[in-house]
Amino acid sequence: MDSALAIHRLHFAFTVTYHYLFPQLTMGLALLLVILKSLAIRTGKPVYDEAVRFWAKIFGINFAMGVASGIPMEFQFGTNWAAFSRAAGGVIGQTLAMEGVFSFFLESTFLGLVLFGEKRLGPKLHWFATAMTCAGAWLSGFFIIATDGWMQHPVGYTLGPKGEIILNSWLDLMLNPWTWWQYAHNMTAAVVTASFVMAGAGAFYLLLHVHEEHARVFVRVGVIAGVIATILMLFPTGDHQGMMVARNQPVTLAAMEGHFQTMNGAPIALVGQPDMDRLTLDNPLVVPGALSFLTWKHWAAEVKGLRDFPRDTWPDNIPLLYYAYHIMVGLGTILIAITVVAAFLLWRGRLYTARPMLWILMLFIPFPYIATTAGWITAEVGRQPWLIYGLMRTAAGISPRVSAGNGLFTLLGFMGLYMILGIVFLWLIWREIERGPVGLEAAQGGH
Amino acid sequence: MESLWFCLVAIMVAGYVVLDGFDLGAGIVHLFVARDDRERKQIIGTVGPVWDGNEVWLLAGGGTLYFAFPVLYAASFSGFYLALMIVLWMLILRAVSVEIRNHVDSPLWRPLWDVVFGASSSLLCLLFGVALGNVVRGVPLDASGYFFIPLWTNFMPGADAGIIDWYTVLIGLAAVAALALHGSLWVALRTAGDLSTRSRRAAGRLWAAVLLMTIVITLVSFRIQPHLYGQFAKWPWGYVFPALAVLGLGGMLVFIRAGNDLKAFLSSCAYLVGMLTSVVFGVYPLVLPASPHPEFSLDIHNAAAPLYGLQIGLMWWIPGMILAGCYSVFIYRHFSKRVEPE
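As they're listed, the protein sequences go chains A and B.
Going by my numbering, the first sequence opens with residue 1, and the numbers climb by one from there.
Going by my numbering, the second sequence opens with residue 1, and the numbers climb by one from there.
Hints in this document: simulated from the structure, not taken from any laboratory.
As the structure is a computational prediction, the values presented were derived from the model and not from experiment.
The C-beta atom is built at its ideal place from N, Cα and C for all residues, glycine as well.
Certain hints may be false.
[As the list claims (entries may be wrong)] Straight-line distance between alpha carbons at most 25 Å, and here's what the computed SDA-like set of lysine to any residue pairs gives:
1. A:K162 <-> B:K337
2. A:K124 <-> B:L323
3. A:K124 <-> B:S336
4. B:K337 <-> A:F116
5. A:K162 <-> B:L323
6. A:K124 <-> B:S297
[Unchecked claim] Just the calculated beta-carbon pair ranges, DEER-fashion:
7. A:Q261 <-> B:L314: 50 to 60 Å
8. B:R38 <-> A:K119: 14 to 24 Å
9. A:L5 <-> B:P341: 20 to 30 Å
10. B:V254 <-> A:L175: 48 to 58 Å
11. B:V254 <-> A:R120: 27 to 37 Å
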């Protein structure tokens, strides 16, 4: 791999992975905030308002980090991927500009009101501001997924005489089926992350016997939202996302599954290590026929193996793709099991005192983040060697004049800066968790 | 259609400079006009609820530029690579400093983030000015449609100029002065008590600096980029833009003296818009002049996206920006009271 290409890829991969740690929480949490605020208005109990205030503060810190680390994403299309921007800017510039125009203005305006305006707005308008913040966050997610969806599955374009990509149907761009399934899958994953964070924080307080009234609300809302979201993540969203890959990127599917040999009734590998020298999967543990069934809904269907695709269309890091995908699916399964058991205990009225389950909820806070990150690695490494699937190779998209040396300089700069910010962030979040949910006066005293 | 989008992008940039300009400027001056932590908090209080929305103008403007003029976006962003990365780092530090300053009540924590806020704001203003200077001076575009210039070479705006040379630094310093003035007028407008008075006095002193810089950069710019002469000679109505800047500059002096903070601030807005549109008008129809090979310059036609995208873009862009304008008006009205010292 040419080293400038490697640096530019790493540059984007590092900054986007770091960035997405924050929006995945804020998008999910925005929805949970609307739920908590609705409960506050319906029941009139102060505990819900205090819960909203507490989580709004966590939201605010995450939102600031998301904005700060998000600005470089838009810029990097131009700075590091100039050839790609030049070719495709007329298409994906649309979705990126729409994000700015439709969601950022909405989100930034109403978040200011959510954080600083509760007293002046009154409960109904404060609910409205919370809902609009949520709408802004979810719209923002949509436009980004629409951008990625088009890169995964380009639609609505024609090629000009010099090979330039010309948008010819805006509607097709918006209605790209890939985008909608990926969006649904991604947003349910964001709700899963937020649910685990909320339930985990509640479990932490319950285990310590502090703030118990609030903690029960956190655990209850987190577990109920979590069980719904984890199941939706598997079916229908994950299932359809997988079928999209099978139909449109069959070589990616084969690589994800470590499926080397074309066969009827293909098995699915639960465990195994892809051996790229001998083109086999070592130490496989398989479920016979399952891959055929999942991709074609028919146990004996043929699934094409990697060996039967031209080598220059293979994703360029198959082991990474394989592991990322298996980590996502494995963790997703565990998350479903946890939320189902927790929901059962909640229904039986035993969850708040079931200490082993509370321990699990608390310790599992990081895992949805890992699963989501692994999912995005699957999507993006799986798209390789294409930048725009079938249209433009990744190697053709980098900025032709930005050297590896300049790229490495700024990559190291980002790493250093993000490390410091990460430490400050964790410390601030820890302070808020330690302080816990408190009354209105104390909560707004800091501003 | 290309000209229309050129104007819309210019409006976005002007919106960004006027809006984020005052919080950048407040960032520059807050270390000097505020005497203690209580007053700094007052200043942060005037920008806290709105800076984020102001910065969205940069993002939305960048996005608009991206889809309307993708060739320009690609060439300029990769060509100014290092300067833009520094801009990004400063934007990040600034966002973080203003958001987390008030989270911890400690005599070490707050001054640290105040200095970060001040330094990043100053450097951003400088770099935005430098960027404008680069656009006026021209960049070494070649037949490939790309260029790359290092941060600095010999500090001369000649054949192998860097991003930073004496001319672009001059424009950068002018931008720092103008936005510091803009920011101090904002602080004067939106705070109460001593701080407001002191800020108004600071604005008076900054005004003299801005006047001087304006004269110098105007004279120098016409020497550096002769294209500017032709424009104003060809379309004399274009003189309304510099006239707006002059009016704004004069208005500021009158209203600062009269103690009318709102009108002084609005005059500053007029000055900034006037200066910016003068440059934009002077360069038009070019969007990025090439130097030393002017035949490779990017203009609104060879840098624009195909027609269909530009047409469909209008369909959502206009309603979207009207909505965005409504939110802005709403939030500025909501937070329109002067911030009192606690």
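Against the structure, the hints come out as follows:
1. A:K162 <-> B:K337: violated, 57 Å
2. A:K124 <-> B:L323: Roughly 21 Å between the alpha carbons, so the hint for K124 (chain A) and L323 (chain B) holds.
3. A:K124 <-> B:S336: holds, 22 Å
4. B:K337 <-> A:F116: holds, 14 Å
5. A:K162 <-> B:L323: violated, 38 Å
6. A:K124 <-> B:S297: Violated: K124 (chain A) and S297 (chain B) sit about 55 Å apart, past 25 Å.
7. A:Q261 <-> B:L314: 50 to 60 Å: holds, 53 Å
8. B:R38 <-> A:K119: 14 to 24 Å: holds, 22 Å
9. A:L5 <-> B:P341: 20 to 30 Å: With a Cβ separation near 55 Å, L5 (chain A) and P341 (chain B) fall outside 20 to 30 Å, so the hint is violated.
10. B:V254 <-> A:L175: 48 to 58 Å: With a Cβ separation near 56 Å, V254 (chain B) and L175 (chain A) satisfy 48 to 58 Å, so the hint holds.
11. B:V254 <-> A:R120: 27 to 37 Å: Because 35 Å falls inside the window, the suggested range holds.
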